[in-house]
Amino acid sequence: MKTTKQVIRLNVNGSEFEVAVKPYDVLLDVIRERLNFTGTKRGCDMGTCGCCAVLVDGRARLSCLTLVLDCIDKEITTIEGLKKGELDPLQRTFAEAGGSQCGFCTQGFIMAAKTLLQDNHNPTRPEIEEAISGNLCRCTGYIKIIDAIEMAAAQIENKQGSINGK
Amino acid sequence: MESKMTSNGIVGKRTPLVDALKKTTGEGIYTDDLKLPGMLVGKILRSPHSHARIKSIDTSEAENLKGVHAALTGHDSGATIRFGVLPISKDEIALPKPGAAGREGKVIYIGDCVAAVAAESEEIALAALKLIKVEYEILPPILKMEQALKETDEPIQDDCKFGTNVHKEVKQHFGNVPEVMESAAIRKGGKYDFIGINHGFTEPIIAMAHYDADDRLTIWTAQQVPHYLHRALTDVMEMPMHRIRVIRPMVGGGFGGKSDPFPHEMIASLLSRKCRRPVKILFDREEVFLNNHGRHPTQTNITIAANAEGKLLALDVDALIDGGAWGSFGVVTSYYNGVLSAGPYAMENFRYRGRRVYTNKAPCGAMRGHGAVNTRFAFETTLDEVARDLSIDPCDLRLKNLLPPNSETINGFRITSNGTRECIEKARERSGWDKKYGKLPPGEGIGVACGFYISGSAHRIYFNELPHSTAHIKIDMDGGVTIHCMAAEIGQGSDTMLAQCVAEPLGIKLDRVRVCSSDSDTDPIDLGSYSSRVTFMAGNAAKEAAEKIRDKLILSTAKKTGYPAKGFILHDERVIYQPNPEISLSFQEALNEALAGNGALMAKGAYVAPPPIGRKGEFKGWRAGLSPTYSFQCYVAQVKVDPETFDVRVKNVWAAHDCGFALNPLAVEGQIEGCIHMGLGQALMEDMTYNKGAIQGPNFLDYRTLTPMQMPDVDVIIVESNDPEGPFGAKEAGEGPLLPILPAVGNAIYDAVGVRMRSLPMTPDKIWRAAQRQGVEQGKKSV
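These protein sequence lines are chains W and V, in that order. Anchor point for the first sequence: position 16 equals 15 in numbering that gives the first Met the number 0, and the numbering is continuous, going up by one each time. Anchor point for the second sequence: position 41 equals 40 in numbering that gives the first Met the number 0, and the numbering is continuous, going up by one each time.
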């Protein structure tokens, strides 16, 4: 039971945290229980629901299956870190489109969508469906989640269009 | 009755949930996000046996482990005090007591609670559980319903009937079913088999309890029915209710699975009292499945008789219901499987026998569409057979047999608003039914089914005269409108609904309104988020309170301006004299006048269901299924079935639902879409299978639900029948919309490949086997 801890530095939401961890500690336990970023949810602890997804170097990862030692020198972004001054478009569109009912799965979907929209600015509905198929929602039937991601994609596209003078 | 006062446009408008941004930013606080100073982790030791008497429990080693603060067993005071959501069926205990007689001395399913510990960390608590020594005397388990019907010397629970494991038997008979059946032109029916399913909410079950220095207990818990928990805690803790405070933080989905007072809530409270520290108990996903309370496995025999023109004459239903180890809502389930089956159709002759049995398996309870889903599948499938045998279009057959609005059913239900006809006509038109039914190419099919559900139970499960729901409103000089009402927001949008029902009569913007619905110390009683009651009951209570505040503001404005009160309306944040709109005060000015010499404005609204009509006391169970109003649905589903593999793909659903009036169309759509997802899961893939009493695959890897890629295109059709007593005409939208999807798909499968399915889920292997039995050649349609 006694395992030696080691002190590591973890970069979460742009801040550096020093934490003592065991080799088998998973990222979810550290960010939720130790660093109090409770926006990341614990739904199953076995990679089946997607509620614990966070961005590691910009890509969605299931924090319940990610060893924290694998995250040294990486940038971790939780839902709390998505809003920088203003909300991320996905945070608004999930609310506006009705993509969040009980809300427990929401942040995981936003992380999956964030990753998708980085690769694909104008995804089709089937592409969105595939991108979020690792996340479980029991309230919405996914329809309004897909609506929300489409809305966000359109907003980002418009914004970039206007920046590029289109 | 002003049923549709929508002049301010707050109700009826697509409105994002008032707490949505809290959820999308991670700011929302769910129970597991809370930590208290000195908080301990509670863990429960669970039974590896289906049925066993506890001879002894030794927790001494566990208690001696460093970091363990308390161990709890049935020896502790309160642990064996019975509780249950229904006061007529209290058969649950926190922990069994070694050597005790009857139910108190036993574990009764694999996963049942044996003992518990509170420790500094989860790691220590889990290590401590391993040090608890338990001696079991293993008893023969009852795992099948047929077994449970037999006489036994060792019933699972003490309140069993007939010397067997029958928990509840219901018998009702109206008219003369055998005689009418005998002489009817056509009789159709069959034996149906439904497996159990689980709610699958994403937030695991959780509670945190703190028994504090003042000898008060506070519990934070993911609950749909905080008030029923409050009552159970007062029994188990042997404390007056006023020394117990129930707080419901945000809840990550319920669907009926968080609508019982649970043993872990008692255990956390008892542990906290024992070690005087806050104790949090969080289930892992396996424990959530073990706790279950999902839909009951059921065997249903149904027969429907009709005349040659397709008029339905008689209905006979016999349901054998597997309750698992505890009672939960089971008495209600036993009734609902029968009493909710005939509507939305008129039926003059109706007979029902329902038997719910105890088995040594995880307890079953309420789940979305409680009690009505399985019989609805059997009924609507049988209607499809009647229609085909009589060569009547299934939509026409249904239209021929509708209950009229403002009528009474044979079993005493008062039907008021009823939009079924419009539901059928719209679903038929939008789906292109007439061009598709029986005319799609082989392997493609279309099916129709209707639904009918309560909008709250008119009868209280605790026999008393208290209102079903109470709402308080307070407005002080800051101009913010605070609503207090314990209606449990579980993601369905009830806080938003309350805010709309208050903002509309006051003519104010939604952002002026704050909803407090989570704290029993400050928020008045609402009976909880179950039986689709909140919009109708809490909505009415909140609206009534708001109208009283409106009247106060009008009076103060009339006094200030010198014009008669009768002419004033509240609109767009102003109190306006309608005959001359130049005469007006802003909301804040009117408020200041009303507050002067008076202080904060307060008002209370309460909802009490109207007394039942017709059959009061005339037969046993006359209260079951009585609702102040009912919701109605008609769905059409179109499927594609692979002719070789029998893999079913639901392509389209046209979902017409009569919700009275859509206070928030965005939320109504969300409820309907969510219902379709959950209903399709039960129809096509979800099942809780057991091996020797152990749940197989109690996790989301093995318990599959529909992925986004498997969802059909859904055309939501909102039908508004304007209920005369609903708030602004509204009624329920959260459960009824689940009912028709399952039989609509089953009927569509028949249309596609000619295989009649009488067992859920309709997996490819089962469809193939049914095809073999029914002599249907693969890939061929029957004529």
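Calculated directly from the structure, the hints in this document are not laboratory data. Everything numeric in this text was worked out from a predicted model, so none of it was measured. Using N, Cα and C, we set each Cβ at its ideal position, and we do this for glycine too. A portion of the hints provided could be inaccurate.
[As the list claims (entries may be wrong)] Using 25 Å as the maximum straight-line C-alpha spacing, the simulated PhoX-like pairs for lysine-lysine come out as follows: (1) V:603 <-> V:473; (2) V:34 <-> W:4; (3) W:21 <-> V:21; (4) V:603 <-> W:21; (5) V:399 <-> V:434; (6) V:54 <-> V:619; (7) V:65 <-> W:4; (8) W:83 <-> W:21; (9) V:691 <-> V:129; (10) W:4 <-> W:21; (11) W:21 <-> V:170; (12) V:89 <-> V:54; (13) V:89 <-> V:170; (14) V:160 <-> V:619; (15) V:12 <-> V:34; (16) V:143 <-> V:170; (17) W:82 <-> V:129; (18) V:12 <-> V:425; (19) V:558 <-> V:619; (20) V:96 <-> V:132; (21) W:83 <-> V:89.
[To be verified] Sample of chain W residues lacking proximity to chain V, with all beta carbon distances greater than 12 Å (derived): (22) 3; (23) 8; (24) 13; (25) 17; (26) 42; (27) 58; (28) 68; (29) 72; (30) 73; (31) 79; (32) 100; (33) 120; (34) 124; (35) 155; (36) 156.
| query | Holds or violated: is the Cβ of residue 124 of chain W farther than 12 Å from all Cβ atoms of chain V? | reply | violated, 9 Å
| Within a Cα-Cα threshold of 25 Å, do residue 89 of chain V and residue 54 of chain V meet the stated pairing? | Given that 25 Å is the threshold and the Cα spacing comes to 24 Å, the pair holds.
| Can we confirm that no CB of chain V comes within 12 Å of the CB of residue 68 of chain W? | holds, 18 Å
| message | Next pair to validate is residue 65 of chain V with residue 4 of chain W; report whether the Cα-Cα distance is within 25 Å. | response | Holds, at roughly 19 Å.
| request: Taking the shortest Cβ-to-Cβ distance between residue 156 of chain W and chain V, state whether it exceeds 12 Å. | output: holds, 20 Å
| Hey, does residue 3 of chain W actually stay past 12 Å from chain V on C-beta? | Nearest chain V Cβ is 15 Å from residue 3 of chain W, so the label holds.
| query | Within 25 Å, alpha carbon to alpha carbon, are residue 4 of chain W and residue 21 of chain W? | reply | holds, 5 Å
| field | Nearest-CB test (12 Å) between chain V and residue 155 of chain W | value | Holds, since 16 Å exceeds 12 Å.
| message | Does residue 100 of chain W clear chain V by more than 12 Å, comparing its Cβ with all Cβ atoms of that chain? | response | Incorrect as stated: the minimum Cβ-Cβ distance to chain V is 4 Å, not above 12 Å.
| query | Since residue 17 of chain W was said not to touch the interface, does its Cβ keep a gap of more than 12 Å from each Cβ of chain V? | reply | Check passes; 20 Å lies beyond 12 Å.
| query | Going straight from one Cα to the other, do residue 12 of chain V and residue 425 of chain V come out at no more than 25 Å? | reply | holds, 22 Å
| Taking C-beta pairs only, is residue 79 of chain W more than 12 Å away from all of chain V? | violated, 5 Å
Comparing the model with each numbered hint stated earlier shows that hints 3, 4, 6, 8, 11, 15, 17, 19, 21, 26, 31, 32 and 34 do not hold.
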